[in-house]
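Q: Going line by line, the protein sequences match chains A and B.
Numbering (this note's numbering) for the first sequence: 1 to 309.
Numbering (this note's numbering) for the second sequence: 1001 to 1430.
Read the hints as simulated data drawn from the structure, not as lab findings.
Please note: incorrect hints may appear among the correct ones.
[Stated by the list, open to error] Partial chain B-side listing against chain A, Cβ under 8 Å, derived:
1) Leu1188
2) Pro1257
3) Glu1258
4) Ser1390
[Stated by the list, open to error] Have a look at the derived ranges for each label pair, beta carbon to beta carbon:
5) Gly1352/B with Thr127/A: 41 to 47 Å
6) Phe290/A with Lys1075/B: 21 to 27 Å
7) Gly1352/B with Leu173/A: 54 to 60 Å
8) Lys1167/B with Ile139/A: 32 to 38 Å
C-beta: ideal position from N, C-alpha, C; glycine also.
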Amino acid sequence: MVSSTVTGVRRAESVGRVRRVRRQLPTSPWLFAAPGLLITGAFILYPFVSTLVNAFTDRRTLIPGEFVGLANFRELLHDDMFWIGLRNSTLYVLGVVPALVILPLLLALLVQKNIPGITFFRSAFYTPVVASIVVVGLIWVWLLDERGLINSLLETVGIGRVGFLSDQWLLLLSAMAVTVWKGLGYYMIIYLAALANVPRELHEAAAVDGAGAVRRFLTVTVPAVRSTMALVGALSSVAAFKVFSEVYLMAGPSGGPAGEDTTLVMLVQRTGTGLTGRVGYASAISVVVFVVTVALMLLVLRTDRRGES
Amino acid sequence: MSVFRRALAVAAVCAVLLPLSACGSGDDSGGSTDASGKVEGDITFQTWNLRANFKDYFEGVIAEFEKKYPDTHVKWIDQPAEGYADKISADAAGGTLPDVVNVSPDLVAPLAKAGLALDLDKAAAKYKKEYLAGAWASHRIPGMTGTYAFPWYLNTGPLFYNKSLFKEAGLDPDQPPKTYDDLFADALRMAKESDGKVATLANVPTIEDFGRYGVELMNKEGTAFAFNDAKGVKLLTKYKELYDAKALDPQALTATPESSGKKFLTEAVAMNPGSALDLDNFKKQAPNLYKNIGITDQITSTGHVNMYVMGVMVNSKTKHTPASVAFAHFVTDAEHQMSFAKKVAIFPSTAGSLDDPYFTKEDGTDETRVRIAAAKSLKNAVNYTPVLFSEQMKTALRNEVAKALQGKESPKAALDNAVKQCDTLLQQQG
């Protein structure tokens, strides 16, 4: 009798505790997440919503705007500089992404093996990633200058000086080369992690079947790191579409000769900043950049899913 | 839970509506234009990249002011040169603009239009006579009445040239070009003699160059740009000729003042505008160039050289108008401008200061020679850059000039397009 009473009391206590825990459950996780949510809300969500709202106003830096509907987007359609920006940002994706998907994989294969001194090469390839983009940009500007090291070498071997920094297409290509050079190490590390998970037996089986190095790369390595390639493709395409620093540093604030190397993000900066900045119009360009970026990511991930199936 | 959801919904609605609420509203609270009260209170003073080299000077000026007005306290902040306009615009938009701000005329214009700059013709008219008339007028805004900043220091500079490059091209190193025709002829000869390896100029023409060439930059009312006239087209046509002959550096289309300065230092170009400050730089960084440096006057068709004006603006929303006006005047009065000019190669904008022996007496050094020549030319110098000419307009002009130089557009079409774009931007400024 006594024991059943004790058991009953214990059961009642336990039920009460569960109820208390259940009552606390909905709020507790939110409390834990609150700091992160606040930061996300203040620095990501609020600016995002603000940009979205501004895109439909004629707001300027010091003058609050009024609602103008789709006027900013209509103006975009007739703005030559917007189309130049869209062209250059798209070309940047087309030029940079394939290089950043393939070259770091080859580099990772090179430094994957644990042989003496390999750490030095891994570190060396990764160094550009940690270097400041401003420093990197300035160094490349010196190298590619009309009287820089590369042009002096080209002149010595009889090719003559090349206008890397004065021709609109060479300038864009030079900026792409810097982006690829700087990004190689970062994506190489991602590939190294993926390659570590490729079972060695697969390579051994393929080798027994007579597959050479190239065949093994195409039939074993590539399928095994396909998801990583998609990830690298998504990350690098988003970064490439939003390129700013490399082009700004090499082509100058005006965006190269006649502004022909301007990218969309450069256009946002040029249009929306300063005391006379057109915040509304710059926000409309930002919205376009956002939409294209999301579309690019979805495209890459969808392609990967289709490939897997 | 439902309360929590409701709270989330309210937060989401706020996130959408808060930015909207900014539309059409403005903070109208703030100071008065009456500067006649007691000089007291805590004020903030912002300078433009001056702390690194002049910390002691400014701390001394502030200490002197606080001693003169014991009920005041001045907090000094200095902003780097890079992104200064962005910093001011962020402060202005956020309502945190300092009480006294170091500005240039093109920065004052949008601030005055937004009602953030105090009209000194009303608040500080008694000080007007202390300054050169031209300098006082440099902070007036077309379409508005009033003056919106105290003039501070002025700067101008000569044209430096490389005597040894002139000699190698068969030009007389002691006879530098004096007119635009001379300049263009010498530049073409330099390019021809060096087989296109040495250019004479490193920069495309800017709005100041059009002004110096005698082009009318704006209409008289200041409501539209006019630099696409026959004279403007002539200047651009000449530059196109120079560009084709490589007398204008091939990288001029993307050059900045810093990059063209570097080209001159490395003797890749033969001429470059500068100031007395540059001589020290040549001495340290390019001793060979310094040995061969030639100094000549800016070339103009108007007889007036270009000058750069710095100003000190008072925030119209300041809570301490008398103290802010008093401090802005204190920093820019004749005594302090003169002592600042003796620390660095700048020129005071106060009446009579340029007649000081420091700006008139030779002592045989290059520095003094440049200083005296500059001070003399400043007496009738002009700030050619229209105060309404924004960064976006500079880019528009630069890009159209580049198209003309590349042959993508005729000089006339390029300038017409530039004027059209600048007029649109002017209208959008409101």
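Q: A separate judgement is required for each hint: does it hold in the structure or not?
A: A quick look at each hint next to the structure:
A cut of 8 Å between beta carbons decides the hint on Leu1188/B: the least distance to chain A is about 19 Å, and the hint is violated. Among the interface hints, the one on Pro1257/B is violated; its C-beta lies about 11 Å from the nearest C-beta in chain A, farther than the 8 Å criterion. For Glu1258/B, the interface hint is violated, since its Cβ never comes within 8 Å of a Cβ in chain A; the closest pair sits about 10 Å apart. The restraint placing Ser1390/B at the interface with chain A holds, with a minimum CB-CB distance near 4 Å, inside the 8 Å limit.
In this structure the hint that Gly1352/B and Thr127/A lie 41 to 47 Å apart at CB is violated, the actual value being about 59 Å. Phe290/A and Lys1075/B have their C-beta atoms about 40 Å apart, which leaves the hinted 21 to 27 Å range violated. Checked against the hint of 54 to 60 Å, the C-beta distance between Gly1352/B and Leu173/A comes to roughly 58 Å, which is consistent with it. Between Lys1167/B and Ile139/A the Cβ separation comes to about 34 Å, which falls inside the hinted range of 32 to 38 Å.
Violated hints for the displayed structure, listed by number in ascending order: 1, 2, 3, 5, 6.
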